[in-house]
Structures are given as structure tokens and as C-alpha cells.
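If you want the building blocks of each chain, they are given just below.
2 protein chains.
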Amino acid sequence: MAEPQGTNLDPWYSHYAQRTAGLSASEVRALFAVASRPEVVSLAGGMPYVSALPQDLVLSAAERTVREHGAVALQYGSGQGTPELREHILEVMALEGIRASVDDVVVTTGSQHALELMSKLFLDPGDVVIAEGPSYVTALTVFRSYQAEVVHTAMDAEGLVPEALRETIARVRAAGGRIKLLYTIPSFQNPMGVTLSWQRRMEVLEIARQNDILVLEDNPYGLLYFDQPPPQAMRSVEEQGVVYLGTFSKTLAPGLRVGWAVAPHAVREKLVLANEAAVLSPSSFAQTLISEYLGTADWRAQIDVFRGVYRERRDAMLSALGEQLPSLSWAVPDGGFYVWLRLPEHLDAKAMLPRAVKELVAYTPGTAFYADGGGRNAIRLSFCYPTPDFIREGIRRLATVINGELTLLSEFSQTGPLPLPLPAERPEGVLPPSVG
Amino acid sequence: MAEPQGTNLDPWYSHYAQRTAGLSASEVRALFAVASRPEVVSLAGGMPYVSALPQDLVLSAAERTVREHGAVALQYGSGQGTPELREHILEVMALEGIRASVDDVVVTTGSQHALELMSKLFLDPGDVVIAEGPSYVTALTVFRSYQAEVVHTAMDAEGLVPEALRETIARVRAAGGRIKLLYTIPSFQNPMGVTLSWQRRMEVLEIARQNDILVLEDNPYGLLYFDQPPPQAMRSVEEQGVVYLGTFSKTLAPGLRVGWAVAPHAVREKLVLANEAAVLSPSSFAQTLISEYLGTADWRAQIDVFRGVYRERRDAMLSALGEQLPSLSWAVPDGGFYVWLRLPEHLDAKAMLPRAVKELVAYTPGTAFYADGGGRNAIRLSFCYPTPDFIREGIRRLATVINGELTLLSEFSQTGPLPLPLPAERPEGVLPPSVG
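If you read the sequences in order, they're chains W and U. So the first sequence is numbered by this note's numbering: it starts at 1 and just counts up by one. So the second sequence is numbered by this note's numbering: it starts at 437 and just counts up by one.
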């Protein structure tokens, strides 16, 4: 190899694959470091509140995993996942209307790895993935890591807009783009918190069918509703046209890294091969522990506990926003982890972040959720992890920062203070504000 | 999407990425299904004998993971792995002469996932990976899944042959090939069982340096020596030119899916980003459990136990081979899991496999370990999993099959029985036989 010419030089610089050009540190990643400081109230990140999980239930599942199933749990397993866990996954998915066979399920290292495997299987350089705008940041990272182009399609308070989707598809195709996947988070979307209505789910499926586009339905939050369940999963009415992703990260614990995909037969076979190439087999230990937990604990009641925890936190955040930032607008989420807050249009959420951290509050700037630079004056607030008291304190600090920015702007303005509330411009793909 | 026209048709057939053309079920994979039948003595696969692990040690590590570290172990973690586990990994690697910093280590989902991440980072379609012939089957699968070409380089009883490596590099470059990686398993190689001598390690590093090729040093078996430790790791003397892979699958348990990579700084940064895109973070639970195990158990003594188990099994296999198949030849492994058996040249190991399974013994045909069709008359025998009695019975059955094949061949031959021992042809990349 070439001798390194200094500590900052990379002797392998010219050796990387072209796809690494799309691989860069996300804004969320940098935030994780900031958010880990104990004095900062982090409204960034999406860490579930695992402390709501009774230690006894996890402990006894772990003990039985070692004592009763050690020879299996410590060993390599099938690239598709254990039959026991896949049976349990069918029970979990039945809650959202999905009927499938154990053979349709592939266990993955979190649903994140299912996103990675689907991307590896389907995306050639230059292919297009249509995604909601805004969308889950690390899904966008994965698509781009396979040199695909992400094209956003607009959302409103009922989720992605079918007519806008038709137009997006037509526009991409007119420009010669090869559309491989439609990536959607229909229930309690990350980062907007909105839910795709049943009527629209049917319309979106019909559009995908007409246009020969595979739907990648990512559903980490569907069971975490606060009042009414969301509409049933799109996979409940469409087997051949949907690859469905689920996870135990939100209803149990992300530290186990177990998720799954449900896919049409031929896609499922390829997913298993890709899974074997990537990790040989998903963790037998984690799968056995989860099977033991699901087989003995009242896991449905535990999900109810999580729902209560997150509802209380959502309520704390919404009431704090109403008190502290009454002139701003946000979507009211009926489940999940996130509130999407629109800032006055003169504010830049990313530029404001260092000042927020100085005030000991962290959030995720809206631009993180767009592949195209959108989201400049929006921020995602997570209510999943901090307690209600910390959420209120975090919003109070955030209000200090935002109001300070606005005062600063008005002092620099020759025309006096800016009027509040500011008229919100709506770039394509951003929800019209609904005041909480 | 197109309507499926029958249960065997794949409506998404035209949608897959080009790289999926290289993704097919391996011969080893089919064997796993066969080998799982209890009446079959499986000398295929590479499952470690996890029952040699004291249940108490694993149980108490699992209990402390939940009781004392639950909030961390159940949560998302860093894409690089926990600092605690990376510290322990430094202790493990010190046994093979490696000095590194915690910052140099990236924890992965088994070392298999480090192979996947390295391939994703370095391999463009058409790039060349040079690998020993034969080599680890699922490494070859991963390289090909990124549309790289695997070119084998010859080995002998001291591991890969430096002069042959020079010639291979020159040949590939003369043909316009872009060589990205040299993949090697220097100690107790899979599948041949041979070990690269210290002198050759230095020569190979020098060749790589001169030719600007990054060495991917895969070392799952180095600590599982039977008498003398193997030479120190190549990474012990070369930091910039080597990416080193280690794993807990053989010294602890594969069901936890924890391995690691040690890489030069810039490569390590990219590995972390690729790891985050693929799985967000390696399992906090598995990492914590392993840290607890390493922090409290006498893990060095436990590795001694594993050494004793595998040495006894290696001895059982070699003595059974000497008794049952004295006319054949094999390499004597000084560590690891495998014996590479040369068949008479008229036999085809793959074609013979169904008859072996009928006799209730399974092995891996040599062709699985070549990207180019080599290894037709060789088989890999694993002594890691079955007890010595089963190994002896397995070799007895294998001898029945091989002798039956030879009798059959001689009956079909017009010239009477074939002479035994047969002169062994040595295709490039195959070890000269050393009779055990």
C-alpha cells in the first residue's frame, strides 16, 4: 500500500467502492453523542423507555434461555430464524390484521437489517426509491449507501397523498428513473407522527399495483397507539406487492436487535440467502430469549403499559408546547414517538442546534429526514425517552432558544419585531400545521 | 406490479439488483438441513461444541446483564460497540501479539458481518479479491454478492505460497484486474487446517505492501491450537495494511453473534458508518453478556478446555482415518476444526454425497470452497461438533461409501480394480498430501 503521509491521510482512499461516497455521518449520529451528556434534555434520538419493562420478566426469560435451551441458544441457527420465534411473530402481526405462514417470515438483526437486505437485493446504482417527505433518516442512509436516489413524495395530516404519489411516479418515470421501491411508514410515521388512513392505504396499494412498484411497509410503531388502533397493515390485504417490516425494538427492547420481514415467497428466499451471507444467522440467543418472553409473559398487557407511558409523555409534550410556544404549529401524533414541530420560516433548525445544546436541550433538525435539503425550518421532538418532567423542562429550554432567536432576528431587522405567528410556507412534502 | 402467473413465478423477477445474480444457496447450506437429522453423523458444518461451556458461567453473566446493566443492555448502543467489550477484545487479541487501542476496534454481528461490511466498503463490480484456494465458503459468497471476482492463490503445508501469490497478482494485473483485498485465514485455515508460517506471514505482508493491496486477516481459530500457539497475527506487525477480524463464536458461543474488526483509522470510521446503516448498533445485550463473562470467568482456562475437547476429536478423526482409509491422504491440523481429505482422483466428492447421506454420514464437498470449480476430489471433514465415538463411526461410514465407490468404479472399469493409493493430481491451490 502507499505509505500514509500523515495521520489525517487515508492510505486506502483510492480503494473504496463507489458506493461509499454516499456513506456519511448523519446529523442524528452526531446528536447521539451530545444527547448522552446527563445535563442535556434530549428530545432527539428514538430510544424507547426500556425501564418500563419489568426486570423479572426479562430475567426469567434470560434464565430459561440458558438453562433450558442453552445448546440451541448458544449455537448457530437457521438464516431464516427459529421456527418458534416466527410462530410468535405471527401472533404479534395478527394484532394488525396480518395473516401469514411461518415460512413467510425472515428474522433479521433489527428491522434496520431488513432495510439493508432489501436494499442490497433490489437497488442498483441510479435506481429510485420513493419515500415520504420527511422520512426515517437511517432508511434514507441505507438506500443511498446502495447508490439509489431517494425521491420524496408529499404528505399531509392523513399521511402520504395518493395524488401526489401518482405525480411523483410520473415525474420520475418521465425523467427516465427506474423506481424499485415505495418506502412508507404508514402508522405514526417517523418523523411526522401522522398515520395513513385506510382509504389511502388502499389507494396507495392500487397505485403501486398499477405501476409495478414493490411497497416496503415499515411498521415499528403500529402497536403503540394512544387511543384507537391505526388502520390495519397494508400487508393485511396485499401479499404479493408488499414486503412488511416489524421489530421487537419498540414493544420489547432494541438491545436484543431482533426484527423481521414478511415477503412474497421468491423475495423471502433471497432475503434468507442475503441474511446468511451477511450474518450467517440472526442471534439464536436473542431469538430464544424473545420466544421465552412471548411464550410466558403477558406481552399484550406489557404493550398496554408502554402505550400508557408514551401517551403520558406525548400529552406532557403537547401541553408544554401549547404553554411555551403557542404561536408555533405541530402535528398531534396518535401513537409512536414523535412530534414534528414547524418553526417560523426565518429560523434554521440546524443552525439553531448549537444554541439549543448550550441551553441543554437537544432535538433533531428537519433536514436530517430529507434527502433533498428539505425540512430546514422543522424539527423532530422525541417524547419516548425522557420523563414528563424532563420533557416539560426540555420544551421550556427550547422555547427560550426559539424566542431568543426570534428576538435576535427582530433586532437585526430594520423593520422592528417580526409578527408572530409567522405565516408558514409549505415546501412540498411537509405537513400543513395542526395546532396542538 | 405484474400479476403473478403461477405459484412458481416471481412477480419481482425483473426488479432485483444485478448483484443478486451471484447470490445462490451454498452447498454447505443444503447440508445443514441434512445434518440436522439425528441419525446422520455430520462431519459437515462448523458448529463449535458449545456444550463444553459451563452453564453456570453463562447463566450468571446473563443474570448480571439483566439485573445490573439492564438499562444499557436492552437499549440501542454505539455503532462501534461498547467501550467495555472493546477493552476486553484488546485483552483477547494481546494473546496473539496484537497491540491496538479501543478506538481501533469495531464490534460486529459475528465476524461474518465484518466480512460483509468490508465487502460493501471496498468492492465495486468487477473488482478482484485474492483468496487462498480453497477458502471459507461464506466469505466467497459475500465477495461475489458484491459482484467481485474471487481469484484463488495456491497453498501448501505452510499456508499460502508467497511466490504463487506474486504470480497471481501479476497475472490478475496483466489482465487488467483491480485487486482490492487479499483474504487470508493464516491460522488453522478453513477448510485446509494449515497454518501460515511466520516467515511467510512477513513475506505476504511485504508483497501486499509492494502491491498496494489491503490484507483481510480472518482469525477465528488462532486461540484453538492443540500443542504450540500459531505464529502471531499479521496485524501484530502491520497496522496500516491489515484489517483484522476476530470472533467470540469459537471461544465462547456463536449464538450471541459477536465478532469484531480492527482497522486503520479511516477504514474503521467507514466501518462504523456502514455498521450503523446496516444494524444501527450491534446487540447491547450480547455485548454486555460477553463483557460480564470475560470480566468474571476464567476465560483463558475455558479456552484451554475447548482446546482439549477439539484436540481429542482431531486425534479421534486422524486415527480413524488412519485405520479406515489408510490409502488416502490428508493434512494434519495443529488447531481449529477441520481436516481436508484428498480422495482418489476418480471420485467426485459432490456426486458421492447423496450416497454418503444414505450411509448416514455428511461432509462438505471440496468444490464449496472454490470459486472456480476446484476441489472436486477433496472433502472437508469437521471434527468440532461430534463426540469422538461419533467421529469414529462417521469415518467408518465414510470409508464404506468411499470403498463402495471405488469398487463400483473398478467393476465398471475394463481393466480391473484401480490401484490404491492413487497418484494424487494437484490442481493449483491444493495442498500436497501429508498422510496422518
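Any given hint might turn out to be false.
[As the list claims (entries may be wrong)] Facing chain U, according to a computed beta carbon distance under 8 angstroms, are these residues of chain W, among others:
no.: 1; residue: Val142
no.: 2; residue: Thr387
no.: 3; residue: Pro388
[Claimed, not checked] To give an idea of the interface, some chain W residues facing chain U are shown, with a C-beta separation under 8 angstroms as derived from the structure:
no.: 4; residue: Val40
no.: 5; residue: Ala170
no.: 6; residue: Val172
no.: 7; residue: Ala266
no.: 8; residue: Gln324
no.: 9; residue: Leu325
no.: 10; residue: Ser327
no.: 11; residue: Phe390
In case anyone wonders, no lab produced these hints; they're calculated from the structure. All of these numbers come straight from a predicted model, not from anything done at the bench. Built from N, CA and C at the ideal position, the CB exists for glycine as well.
So, going through the hints one by one against the coordinates:
no.	hint	result
1	Val142	holds (5 angstroms)
2	Thr387	violated (14 angstroms)
3	Pro388	violated (18 angstroms)
4	Val40	violated (17 angstroms)
5	Ala170	violated (17 angstroms)
6	Val172	violated (15 angstroms)
7	Ala266	holds (3 angstroms)
8	Gln324	violated (29 angstroms)
9	Leu325	violated (28 angstroms)
10	Ser327	violated (34 angstroms)
11	Phe390	violated (15 angstroms)
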